[in-house]
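**Student:** These protein sequences, in sequence, are chains S and L.
So the first sequence is numbered by this note's numbering: it starts at 3 and just counts up by one.
So the second sequence is numbered by this note's numbering: it starts at 2 and just counts up by one.
In case anyone wonders, no lab produced these hints; they're calculated from the structure.
One should not assume that every hint holds.
[Unchecked claim] The calculated DSBU-like cross-link candidates involving lysine-lysine, where the alpha carbons are at most 35 Å apart (straight line), are:
no. : chain 1 : residue 1 : chain 2 : residue 2
1   : S       : Lys51     : L       : Lys134
2   : L       : Lys152    : S       : Lys129
3   : L       : Lys134    : S       : Lys129
4   : S       : Lys543    : S       : Lys286
5   : L       : Lys184    : S       : Lys51
6   : S       : Lys51     : L       : Lys152
7   : L       : Lys107    : L       : Lys226
8   : S       : Lys51     : L       : Lys192
9   : L       : Lys315    : L       : Lys337
[What the hints assert, rightly or not] Using C-beta positions, here's what the derived DEER-type ranges look like:
no. : chain 1 : residue 1 : chain 2 : residue 2 : range
10  : L       : Asp150    : S       : Lys129    : 33 to 41 Å
11  : L       : Lys49     : S       : Pro469    : 58 to 66 Å
12  : L       : Gly339    : S       : Asp41     : 22 to 30 Å
13  : S       : Ile63     : L       : Gln249    : 41 to 49 Å
14  : S       : Phe191    : L       : Glu237    : 46 to 54 Å
15  : L       : Gln154    : S       : Arg371    : 33 to 41 Å
16  : L       : Arg197    : S       : Gly445    : 52 to 60 Å
17  : S       : Gly254    : L       : Leu307    : 48 to 56 Å
[What the hints assert, rightly or not] Examples of chain S residues lying across from chain L (beta carbon under 7 Å, computed):
no. : residue
18  : Gly224
19  : Ala461
20  : Phe464
21  : Glu510
Where a beta carbon is used, it is the ideal one built from N, C-alpha and C, also for glycine.
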Amino acid sequence: MQLSDKLKKQSIGWLLISSLIIILLLIPNINILLNLFTDTSENWQHIKKYLLMDYIKNSLILIISTGLLTALIGTLLAWLIAAYEFPGRAFLSWALLLPLAIPPYIGAYTYAGLFSYTGPFQVLLRKRFGLVVNQQYFDFMTMRGAIFIYTIFLFPYVYLLAKSFLAKQSASLVEISCLLGKSATSIFFKVILPVSRGIIVAGASLVMLEVLNDYGVVKYFGIPTFSTAIFKTWFGMGDLTSAVRLAAIAMGVIFILLYLEKLLRGGRQYSYSTSQIRPLKRKKLTGGSKYFATMFSFSIFGLGFIIPVGQLLYWSYLSDGSKWGNLLEYSTGSILTGLLAATLVIIAAIIVANTVRINSGILSNLFARITMLGYSIPGAVIAVGILVFLLQVDQFISWLMQPFAIEINMFLTTSLVMLFFAYLIRFLGIGFNAVNSGYQKIGTKFFEASRTLGKSVTATFFKVDLPMIKPAVLSGFLLVFIEVMKELPLTLILRPFNFNTLATRAFEYAADEMIYRAADLSLILIFCCTIAILLVNQLRKGREDASEN
Amino acid sequence: MKKLLVMIMLGVMVGSFTGGILAAGEVNLYTNRHYDADQKIYEQFTAKTGIKVNVLKGDSDELIERLAREGESSKADLLITADAGRLHRAMVRGLLQSVNSDILTKNVPVNLRDQDNKWFGLTMRGRVIVYAKDRVNPEELSSYQSLTDAKWQDKILVRSSSNIYNQSLLASLISIYGEEWAKNWAAGIVKNMARRPKGNDRAQATAVAAGIGDIAIMNTYYLGKMLNSDNPAEVEVAESVGIYFPSQAEAGTHINISGIGLSKYSPNKANAIKLMEYLSSAEAQSSFANANYEYPVNPEVEPSPLLKSWGEFKTQQINLTELGIYNEQAVRIFNKVGWQ
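Same shape as in the complex, but just chain S:
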């Protein structure tokens, strides 16, 4: 038996708990996926004949365009920020993360509202200048509009990953390219893009999953895609089986795209990393390119944050604040839910990540992949899987308690337990990825040393690992917090009686076509997420500084 194998012993407890978490995560999903193996219904034939091609076409256009654009913009910005010095760089470095604080559907409502006939822009033109513009050019609710919305609010996923990668990993390559006399443009396209391809694809696939599962934007814009189709068949035709089939096709599409990307990459090894982490030395930009860098980055920030927030502030000013309910109640509801859910998710993520690290092998590889499952399936579809599963557990508990004359009736499904369970399933992948990246940085040397000194896996975890991965854990915590704050389908379907959050209230007002009333709620929501994003950035910066020393 090798030393490292011995060291792994005693970790059986971790393995057991992790397996339990994974099984809990799998059951509701499997529950749903089993629908794939039932016979096709008459509805399915109808869907196939009249609708499927449209869904596939529109979804493909959306996913591919958004994926490419976020990759391009995210990487370009990351490159500018990581490699160059220009006015406003320090501010933009974190400000460019802020669009993530705005849920895309709120972004969609604000942009459509801004440019609509009754929006401030056209009203200004009409009232001040007597100009009535051709509506065609101001129509935001198009495919292009949707691509813009998704790109501008989701590109930070790519930017965040690419920035820290480039700052740390690309120094020597860039220096060599410079020595060889390459121009900045050719360095970007010939060196930076290929080298960071893996990271970019990772970020862009998160974006693509979000786009595929998003319902709010495409529904409002009237673009038939898979997610509108899933709702239409499930709720409109009462046909869950066909809805799941559509969801499966949609996931298939994503996997095919990712696989194609891998094929395109072929045998070429683009991944690049050195053990020597050397920060990239930023080059000072001069002349025209200096202003270009500043203006480009600022306009993206403006489009992704300033303009929508400005529009919401204007709406908030228009609406009569005294008319509607309890902002404080919704805010505390949202924030507490976000904090608790993030705690729960991150604890589970740490357990699974620790297990995966200690037990390398097929099983732990599988675990790592399964954590992302909940994030890949449309929220509304998982919601039903969770409801069905917890109802069964509830009935089991009642049955179990019967002999003791204790009446516990529907405890899980009428309480927040169900919602927290749902968040766990949905966001475990996000937490896991964050924690896992922390583990990958520290490697196993310290763990093995501690084990050799006779400490148990658990003691090692608390004394050695946890302090070292703390920044990663915290930033994972905050990322999950942001996601939970913005989350909609699960919260809407699985919440208990009398429970409201900022996101649900904002959505209800928007759905009732009272967008002005949603403005205050959205602003508070965006404010909370902004703070969380700033904290994440602070943590990352701390880590980067630490690794520079």
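Given the coordinates of chain S, assemble chain L onto it according to the supplied hints.
**Tutor:** Showing chain L alone in chain S's frame:
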């Protein structure tokens, strides 16, 4: 300090979970109406009867799905949704039970409730034609069918067919004129559309004002909301369009309801029926309907002054159950004729 925080969080967690256990002497309501005014009516009901109303808001279809999945163990007593088609869907799935209440049968006209009294309408809205006052002479308008005339080519605005109001409109036309007629009608509308269906009902009226088309099909209450909007530009839009109640010389204007049903496994049945009766009462009806610029179903209650100013109109006399019966056919027709 850290430990203290953890303790507080745990405390909140436990507190919030146990909060899920509902006490008796209450009534549990699944509703897709989100209006703040509704909450006030529930509070009035509580003040009057001492019965607490617990509210779970959500999208109608999702609430129905949840109710179905919960089955016998559901805590829900009542289901309120917009659209009779949806209530019918809940009924067909066996989620509702009959209510024998003289008060309800007196307050709610017979065509606005299920024939077995499994659901009751509470508020009413018409799906009407809205036209640009400066470009359309209302005398040019007549019935739903006349909208398929060639003269309206590229002039009609209407939202997506995934919207239940359009589905119910078409279902009512199937019920009155038959499937073939309805299919031709839908195809005719698609041909006359000014643009691909997009946006909500308000967006259609706005598009009329902006000159993208001349007439829009929309629900009455959205016009009421626009006239009372926080945004002055939207009020202007609403004032620039006129409202026309179609098919007056024929079968009447299509109406729909938001309504309530008693859930099959209602644990607080007596309380639930009390709330149903209260919501149909003259006292609650005017505010319940006015909250959303809708027509009260209770014939004893007058609509709001704004709605009265639009005048009285003849409504389709079909039983609204038909909207549910023909819903699926309607959805299929929309898909076939390419009404997105």
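**Student:** For the pair supplied as a hint, Lys315 (chain L) and Lys337 (chain L), confirm whether the alpha-carbon distance does not exceed 35 Å.
**Tutor:** holds (31 Å)
**Student:** Measure nothing beyond the straight line between the CA atoms of Lys51 (chain S) and Lys134 (chain L); if it is 35 Å or shorter, mark the hint as holding.
**Tutor:** violated (41 Å)
**Student:** Check the hint pairing Lys134 (chain L) with Lys129 (chain S) against an upper bound of 35 Å on the C-alpha distance.
**Tutor:** holds (20 Å)
**Student:** Could you check the hint for me, namely that Gly339 (chain L) and Asp41 (chain S) are 22 to 30 Å apart, CB to CB?
**Tutor:** 28 Å Cβ-Cβ, so the 22 to 30 Å window holds.
**Student:** Should the hint that Glu510 (chain S) touches chain L count as held when the rule is a Cβ pair under 7 Å?
**Tutor:** holds (4 Å)
**Student:** Do the beta carbons of Gln154 (chain L) and Arg371 (chain S) sit within 33 to 41 Å of each other?
**Tutor:** About 54 Å separates the Cβ atoms of Gln154 (chain L) and Arg371 (chain S), which means 33 to 41 Å is violated.
**Student:** Assess, step by step, whether the Cα of Lys543 (chain S) is no farther than 35 Å from the Cα of Lys286 (chain S), and give holds or violated.
**Tutor:** Judged against 35 Å, a Cα distance of about 21 Å means the pair holds.
**Student:** Do the alpha carbons of Lys184 (chain L) and Lys51 (chain S) lie within 35 Å of each other, as the hint requires?
**Tutor:** holds (17 Å)
**Student:** Does the beta carbon distance between Gly254 (chain S) and Leu307 (chain L) stay inside 48 to 56 Å, or does it fall outside?
**Tutor:** holds (52 Å)
**Student:** Hint Phe464 (chain S) vs chain L: min CB-CB distance below 7 Å?
**Tutor:** violated (14 Å)
**Student:** So the hint says 33 to 41 Å: do the beta-carbon atoms of Asp150 (chain L) and Lys129 (chain S) match that?
**Tutor:** holds (36 Å)
**Student:** Would the hint on Ala461 (chain S) be counted as holding, given a Cβ-Cβ threshold of 7 Å to chain L?
**Tutor:** violated (19 Å)
This entry does not satisfy hints 1, 15, 19, 20, going by the numbered hints stated previously.
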